[in-house]
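Student: If you want the building blocks of each chain, they are given just below.
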Amino acid sequence: MLSIEDNELLTRVGRGKPMGELLRRFWHPVLLSSELPKPDCPPVRVRLMGERLVAFRDTSGRVGLLAERCPHRRASLFFGRNEENGLRCIYHGWKYDIDGRCVDMPSEPAGSNFASKVRTTGYPCRETNGVVFAYLGPPELEPELPGIEWIGLPEGHVYVTKRYEFANWVQGLEGGIDSCHSNFLHTTVPAFRRTSDFFDGLRSRLQFDAKLVEYFINDLSPRFCLRDTDYGVMIGTQRDAEADSFYWRITHWLLPHANIFGGVRDDGSTRLGRGLIWSAVDDHTTAVFSVSWALESPLTESERDACEAFSGAVVPGTFMPLQTMANDYLIDRERQATETFTGIESLQAQDLAAQEGMGSIVDRTEEHLGSSDSAIIRVRRALIRAAKDLMEGTEPPQAASPASQKLRTVDLIRPRAEGFDGEEIEALCRLR
Amino acid sequence: MLSIEDNELLTRVGRGKPMGELLRRFWHPVLLSSELPKPDCPPVRVRLMGERLVAFRDTSGRVGLLAERCPHRRASLFFGRNEENGLRCIYHGWKYDIDGRCVDMPSEPAGSNFASKVRTTGYPCRETNGVVFAYLGPPELEPELPGIEWIGLPEGHVYVTKRYEFANWVQGLEGGIDSCHSNFLHTTVPAFRRTSDFFDGLRSRLQFDAKLVEYFINDLSPRFCLRDTDYGVMIGTQRDAEADSFYWRITHWLLPHANIFGGVRDDGSTRLGRGLIWSAVDDHTTAVFSVSWALESPLTESERDACEAFSGAVVPGTFMPLQTMANDYLIDRERQATETFTGIESLQAQDLAAQEGMGSIVDRTEEHLGSSDSAIIRVRRALIRAAKDLMEGTEPPQAASPASQKLRTVDLIRPRAEGFDGEEIEALCRLR
Amino acid sequence: MLSIEDNELLTRVGRGKPMGELLRRFWHPVLLSSELPKPDCPPVRVRLMGERLVAFRDTSGRVGLLAERCPHRRASLFFGRNEENGLRCIYHGWKYDIDGRCVDMPSEPAGSNFASKVRTTGYPCRETNGVVFAYLGPPELEPELPGIEWIGLPEGHVYVTKRYEFANWVQGLEGGIDSCHSNFLHTTVPAFRRTSDFFDGLRSRLQFDAKLVEYFINDLSPRFCLRDTDYGVMIGTQRDAEADSFYWRITHWLLPHANIFGGVRDDGSTRLGRGLIWSAVDDHTTAVFSVSWALESPLTESERDACEAFSGAVVPGTFMPLQTMANDYLIDRERQATETFTGIESLQAQDLAAQEGMGSIVDRTEEHLGSSDSAIIRVRRALIRAAKDLMEGTEPPQAASPASQKLRTVDLIRPRAEGFDGEEIEALCRLR
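Protein chains in written order, with our numbering: chain E, 400 to 831; chain X, 400 to 831; chain U, 400 to 831.
Worth flagging that the hints you see were computed from the coordinates, not collected in a lab.
The structure displayed is predicted, hence computed values, not measured ones.
Warning: the hint list may mix true and false statements.
When chains are identical, the list treats them as one kind, so a pair holds in a single copy or across two.
[Claimed, not checked] Below 20 Å or equal to it, Euclidean Cα-Cα: the simulated SDA-like pairs (lysine to any residue) are:
#1 Lys805 x Ser644
#2 Lys516 x Ser770
#3 Lys561 x Phe819
#4 Lys437 x Arg732
#5 Lys516 x Leu768
#6 Lys437 x Arg813
#7 Lys416 x Thr723
#8 Lys561 x Glu707
Chain E with its partners taken away, still in its complex shape (with noise of 0.2 Å):
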């Protein structure tokens, strides 16, 4: 439960407002690549915490994203003309590179140098393993790309999505960093009934390991152990395993809107890390980049299936589900009965009927936290209190530690006497 000023502070985006100003310390993925697949392609409208954009490839290929409007008389640029280098506004012919100067006024005297006097804004944007990356925040703070594992992997090792969803960024990240929902919301009638039938199956069905999912399906409540870390808050998710052991399986928390999550899969493959970026479009609409990776070799085309499948299905040519609160996510009353605990098709749809479905800022002075919940009250006391030192003054150290970021999950069998020693596991985590 939070007071209604501090949900206001966790969850509001835009410039000026102490959240927002914390999120522009940091680089946002905005776009896939294969959104501007070529130079001088078409221009694509952008919003990002709230603000209107255009983002074009220019002919060298770089990515430029400008304010929507130009600033001549507020036409907008995304009909503009992408051409030699630079944006051309179809109402006056005032052109853009991708910094945001104006290149070319020709509605002006040949003689003038008004045009030198004109500056529109213009984002820097940076390109990795097909996301474009933005930097909202001041140009003398820019920090270096996050350091998470994928970034800058070879080619064909990373697999990237982009989903949206009509809710506020936070209420996503609730729900990535939140391992015990998976046991209701993801699950099957006869894993939720934890029938001897379904554990036959399992084991038949899994090469390695059928005991993790074993031990994950039967313990609905699982202990999170968290540590705060330079990088933001390590989740220790502790289940029964035999009768003097854990399971245990981390998450990580990257300050402010990424995780990194694993562990158990129902193809028996753990080689994949896997991880969410949670990207603000406005208060209550997020772009989620899903990502999965792998080290040593390239994605096979069934991972990349896989992957796919794993982000729910899109209207075609576009990045919106096609299971939306508008058709009750398709929801099969017959199969929540007998088959699937929601009835709803997909994973990420599952999430989306309980995410938007709170509405699209949650109201959370209404909630009742269990000891489940822990994990989540100490990532919002961590986002709350970083946005506040940053009103005072103080930069959020993450921003300039990219190193921190270069983590693992990993799922550990531990006798129980040995409890979460933390920086033990965090040593684990850390990549070198």
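Add chains X and U to chain E, keeping to what the hints say.
Tutor: For chains X and U alone, coordinates are given in the frame of chain E:
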């Protein structure tokens, strides 16, 4: 004409608003039983007086009406699993019974007593004659169900329909007690012009009450005699009959949101009682429950067909009228010129065109009320007075006296010399 | 660039707003006569300067424009019966003539004189050349119809279209007086690049004014010479012609909402006058009336076709453009790269993309105006001054001088040495 303040007071139904509090002292029809056809069937979204709710029928067949959002993290219980006498949230499996008690909380450790501390809003429901009523007021003041004649009749004697109207509930109610508008809104061109052909046709077509219809049609400017009663207001509408007699038609308004009307029917039948209840979905939307009933024997097939036709066509599988403001109620201007007064098919759509056409909350500061509006003036005053009394601590006595609502309407031909003997007529209307 | 306050003052058209009051001193085109094709035809909804109205043509053929809602209980008179020189409300039969007088009140007793006390708003209308004009200002100040040349011409000499634009009326007007934008928004790629092929083709295609088009195309940064007049502002646009001459194109702005333009036309014809009137539907919507006219003889079939094409495609049976923001004006990016400057078909849709793309009320505090915007600056100042004058009690003199609006546009080639002799050119433009 009302002041801005009185119009606000009259129309706003939210919790804490004076009229919202008054309405919360009474039972409201919210669902047809057929919307929850069997135990453990899918839940249904309900909106009542601006509150977001979810209704479900539990394993024992009882109807529950809960706040829509789970008190844990505010996921929507609409997507919940309806199972074993409770509704289980899909996000973390918390389960509630029809009283709002949390009866299972599997995400918390086995020893936890947190469930006993969590309770969601669960409003009492009563089901009778195919209708689910709900009570949203203080538990200690929960009244009996209304005493209206049809409540409790044997199966087959009552026919109820539900339709949405996109206007404030008072606009509907004002139409319901406005006997005068039928001479215009619901008439035909020959009737409006009172041609001799029309009356010849009428006499040959009707068995019983051609005379009453004739009186009704002939007098476009009826007079209203009003009597304050213990249930609300008894409205006597006086029309000229013969040279020495008046035709009196009696309508009852039952505070706060019901009316019983009757009298002349084109099919010659007078055996059916008819009433309307205007259930406030929110400030701008009303669920209209239209009820017809027969005392002596079950409704016949043709009577049921007539009842269904009376309440107008809907989008199949919904309670949304087919004829809406967006399609101009399918007005046929050619028919309007020559056949019917409005060119709009169906009595219900005619009412919607009048009532929704005012805007969802009519600006009563701009009205010019005539003598034909005296019943409306009286009813508004009674509602405003009751709401103000409640603000000052006086509970509405009508909530505590369902017996006073056991009423019939009557049609009377009386000598002109006699005038309106309210006491005598009220006695005629009382049921024993 | 304007202050927030001046931008509000410039754009808001509601009753009581300074600009709303200024506009209410003038006649506004609201309907094509063809929207009310014959006596007693169906009424039509009208919205003008934010007021909800209903127009009808009575039995005598006169057009009435009433407040939409009946003064009795506020039912919509749009559904009213149009019969025997009045519009009758469907709810209780009250009937109004075109002046707003209640001429029948059948629901009140025969002896009542209540009807004589009830009057609804009925605005004066004038109909000419297929256009219905309305006046919403103080009755005692009702002016003559504007003196624009086409008003009062014989039938067949005038062609008028009406289209909706989803932007404030000033955005449209600013486009209408901005001669410079045609070199960009409405051009082709070869013309923009000024290729020799383009000019060769031009000369072989055009009969009369290939030279003028050549001058127009060749000079992207025209200069503006402005002259305040008794009707508004005369705008002279100067482009280089030959080494020793300038090409002058004259546009008139008629305070508050009209402009007359002309000059170069691709079809070689100069016999047509052309003008636009920007009629404010509300703060965010404009009805654009586009007028073409011929003095000497009726418009030919091909001239009428050209006028229709000029104003762009609409959804059949409506005045809604087919090309909208929702479909990105059907921009064709391939054509934009190679054929036309915008890739958007039709001059009208090109203007919409520029003017609607700014947002429905452009934020003029963020503009950067150049020397090519001097006409726009002058017109804004004149509008703001006239609105402020009116607030201080000085009526706009333009309303009282329709004769001053009898104007033509002219195209002139003048020696460079001569400069802009405003007095002489204004005299050339005056019609006798």
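Student: With identical chains treated as interchangeable, where does the CA-CA distance between Lys516 and Leu768 reach 20 Å or less: within a copy, between copies, both, or neither?
Tutor: between (55 Å within a copy, 11 Å between copies)
Student: Between Lys805 and Ser644, at a C-alpha cutoff of 20 Å, which is it: within one copy, between copies, both, or neither?
Tutor: neither (29 Å within a copy, 70 Å between copies)
Student: Evaluate Lys416 and Thr723 at a C-alpha cut-off of 20 Å and name the case that applies: within, between, both or neither.
Tutor: neither (29 Å within a copy, 34 Å between copies)
Student: Give the relationship of Lys516 and Ser770 under a CA distance limit of 20 Å: within one copy only, between copies only, both, or neither.
Tutor: Only across copies: Lys516 and Ser770 sit 14 Å apart there, 58 Å inside one copy, limit 20 Å.
Student: Using 20 Å as the alpha carbon limit, work out where Lys561 and Phe819 are close: within a copy, between copies, both or neither.
Tutor: Result: close neither inside a copy nor across copies, 35 Å intra and 59 Å inter.
Student: Should Lys437 paired with Arg813 be assigned to within, between, both, or neither, using CA atoms and 20 Å as the limit?
Tutor: neither (51 Å within a copy, 49 Å between copies)
Student: Tell me, please, which holds for Lys437 and Arg732 at an alpha-carbon limit of 20 Å: within, between, both or neither?
Tutor: between (45 Å within a copy, 13 Å between copies)
Student: I want to check one pair: Lys561 and Glu707. Are their C-alpha atoms no more than 20 Å apart within a copy, between two copies, both, or neither?
Tutor: For Lys561 and Glu707, the Cα distance is within 20 Å only inside one copy (10 Å; across copies 45 Å).
Going down the numbered hints, you'll see the structure goes against 1, 3, 6, 7, while the others check out.
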